[in-house]
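Novice: If you want the building blocks of each chain, they are given just below.
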Amino acid sequence: MPAEQSLPTRALRVGLIAADPLRREGLTAIVTHGGHQIVDACDEADVVLADGVFVGGGDTPPAVTLGAPEAGQAGRLPREATPAQIDAALRAVAAGLIVRWADEERAEFRALGEDEAPLLTPREVEVLAAIGDGCSNKEVARRLGISQHTVKFHLESLFRKLGAASRAAAVHKGLKQRLISL
Amino acid sequence: MSDQVQDALAQFSDALAARAAATRSFVAGIRVARSRPRSGILWRADVAVASEQVFPKTDEADVILAGGVTVKARVAGRDRGTNVVALRLERPVEAGLPAAAEARLGGLALVFGADASGEAIVRVGVVRAIGPAWHSLAGGRIDRRIVLDLTISNREEGGPVLDAAGGLLGMSTAGPDGRALVIPAATIDQVLAPLLAAGRVERGWLGVALHPVALAATLASATGQDRGLMVMQVTAAGPAARAGILAGDILVAVGGAPAIHPREIARQLGAESAGKSVELRLLRSGAPLTLTAMVTARPAG
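Read top to bottom, the protein sequences are chains Z and X. So for the first sequence, numbering that gives the first Met the number 0 puts the first residue at 0; every next one is plus one. So for the second sequence, numbering that gives the first Met the number 0 puts the first residue at 0; every next one is plus one.
These aren't lab readings, by the way, just hints derived from the structure by calculation. Honestly, I wouldn't trust all of these hints.
Unchecked claim - Straight-line C-alpha distance at most 35 Å; calculated DSBU-like pairs for lysine-lysine:
id, chain 1, residue 1, chain 2, residue 2
1, Z, K172, X, K71
2, Z, K175, X, K56
3, Z, K137, Z, K175
4, Z, K151, Z, K172
5, X, K71, X, K275
6, Z, K160, Z, K172
7, Z, K151, Z, K137
8, X, K275, Z, K175
9, Z, K137, Z, K172
As the list claims (entries may be wrong) - Selected chain Z positions facing chain X (Cβ under 8 Å, derived; list incomplete):
id, residue
10, I37
11, V38
12, R105
13, R109
14, A110
15, L111
16, L118
17, L119
18, T120
19, A128
20, A129
21, D132
22, C134
23, R177
24, I179
25, S180
Said to hold, decoys possible - Negatives, chain X to chain Z, calculated, CB over 10 Å:
id, residue
26, A9
27, P91
28, L228
29, R262
30, E271
31, T291
Positions of the beta carbon are idealized from the N, C-alpha and C atoms, including for glycine.
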């Protein structure tokens, strides 16, 4: 892998907490591949990476938890986060930022028809449903029988209407939160 | 600060603490194997309630009461529409649920939950907004809209909310952005009877997932309305599927009422609607189409 040239990267000391040996091995590989060093004592670390819930004390470093959706830690990712997402979260949290997954799901009890956000067109809803199924732009175009250019056009409109910054956020805001089951 | 002001504050604080201490007879911690601890309310001697939306798919739970007393319970029924899950305790215990009270705008609200060990935790806020009966996305009717000025986590929701006089406003529920809503005690009482007897609340059902959409100008002038509900999913062999509704159809009217406000449709799908037929006006590929569906009772879960 070529070295990053655009950003100066900093090697972090990472405290790793993972009870499952296989997970530990996988996470160790991700952390060291990112150029970081794993330290045994968490209080010597810049940041802690925890598989599951992590309860830190007052002076423990900030932590990134995986698969602990209700954890009150600075970084919170789902269990299936990618290596790139984990690395980005470790760096961001070590720099004092808070990291949340764009598609984070929290149970929310909603009223029928309380959403006053702009209405989507039927085509936009179809595009949203397709990306919610994990389709790429190309696959969306094929499924709906439209050009990729048109798909991009609809996506831009969707992002604008929903105030979403990512495909996952658009699906969450536009589809999951508005679906009415009758 | 004058002594009087200090006294008033100290009294206020003492009153809150006394109130919190008195809740031990009905704040319940709920534990389910291999899942996160939840909060609930000991509703009566042999029944506890909790928040359905965060309750794991399970038949059994432990209810943790004052002093760490743990009682096994069976899930008697759950209703997504009103966010209530009913738990039947294996043996009766002493319960001390206060009488229900009406929420007042600006009134103090004490929001109780349980921590991981079942001990009571509390937040204090005010009733931020009050409104008439409303329908949830899952179609349930909630007698009164009560919104608090604080947010709660999924772990805390399901516990009791009290007013300043110690009256029970209802059960806390996490709404949009974690904003605390209250499911009124009266609503819980209404759904508890069918939940305990039959495991579910009878409610009309079409078997579709719908999404509001804007209608293009030509369709808007043809139908006389600027929006409809697009059919996203059709439950196999459900009422809508049997009526011939397809994913992609746009619903414009149900039983003669325009499909503009989903509330209107939910109102037509009350408990008494099951077994009755309802006329559905649709747009399919831009052309109008009328179908008739036989409403059935919503399946459990």
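Novice: None of the hints should be skipped; say for each whether it holds.
Specialist: Verification of the supplied hints:
{"no.": "1", "hint": "Z:K172 with X:K71", "result": "violated (38 Å)"}
{"no.": "2", "hint": "Z:K175 with X:K56", "result": "holds (20 Å)"}
{"no.": "3", "hint": "Z:K137 with Z:K175", "result": "holds (23 Å)"}
{"no.": "4", "hint": "Z:K151 with Z:K172", "result": "holds (18 Å)"}
{"no.": "5", "hint": "X:K71 with X:K275", "result": "violated (40 Å)"}
{"no.": "6", "hint": "Z:K160 with Z:K172", "result": "holds (10 Å)"}
{"no.": "7", "hint": "Z:K151 with Z:K137", "result": "holds (10 Å)"}
{"no.": "8", "hint": "X:K275 with Z:K175", "result": "holds (30 Å)"}
{"no.": "9", "hint": "Z:K137 with Z:K172", "result": "holds (23 Å)"}
{"no.": "10", "hint": "I37", "result": "violated (28 Å)"}
{"no.": "11", "hint": "V38", "result": "violated (29 Å)"}
{"no.": "12", "hint": "R105", "result": "holds (6 Å)"}
{"no.": "13", "hint": "R109", "result": "holds (5 Å)"}
{"no.": "14", "hint": "A110", "result": "holds (5 Å)"}
{"no.": "15", "hint": "L111", "result": "holds (4 Å)"}
{"no.": "16", "hint": "L118", "result": "holds (4 Å)"}
{"no.": "17", "hint": "L119", "result": "holds (6 Å)"}
{"no.": "18", "hint": "T120", "result": "holds (5 Å)"}
{"no.": "19", "hint": "A128", "result": "holds (6 Å)"}
{"no.": "20", "hint": "A129", "result": "violated (12 Å)"}
{"no.": "21", "hint": "D132", "result": "violated (11 Å)"}
{"no.": "22", "hint": "C134", "result": "violated (15 Å)"}
{"no.": "23", "hint": "R177", "result": "holds (6 Å)"}
{"no.": "24", "hint": "I179", "result": "holds (4 Å)"}
{"no.": "25", "hint": "S180", "result": "holds (5 Å)"}
{"no.": "26", "hint": "A9", "result": "holds (29 Å)"}
{"no.": "27", "hint": "P91", "result": "holds (30 Å)"}
{"no.": "28", "hint": "L228", "result": "violated (7 Å)"}
{"no.": "29", "hint": "R262", "result": "violated (5 Å)"}
{"no.": "30", "hint": "E271", "result": "holds (16 Å)"}
{"no.": "31", "hint": "T291", "result": "holds (16 Å)"}
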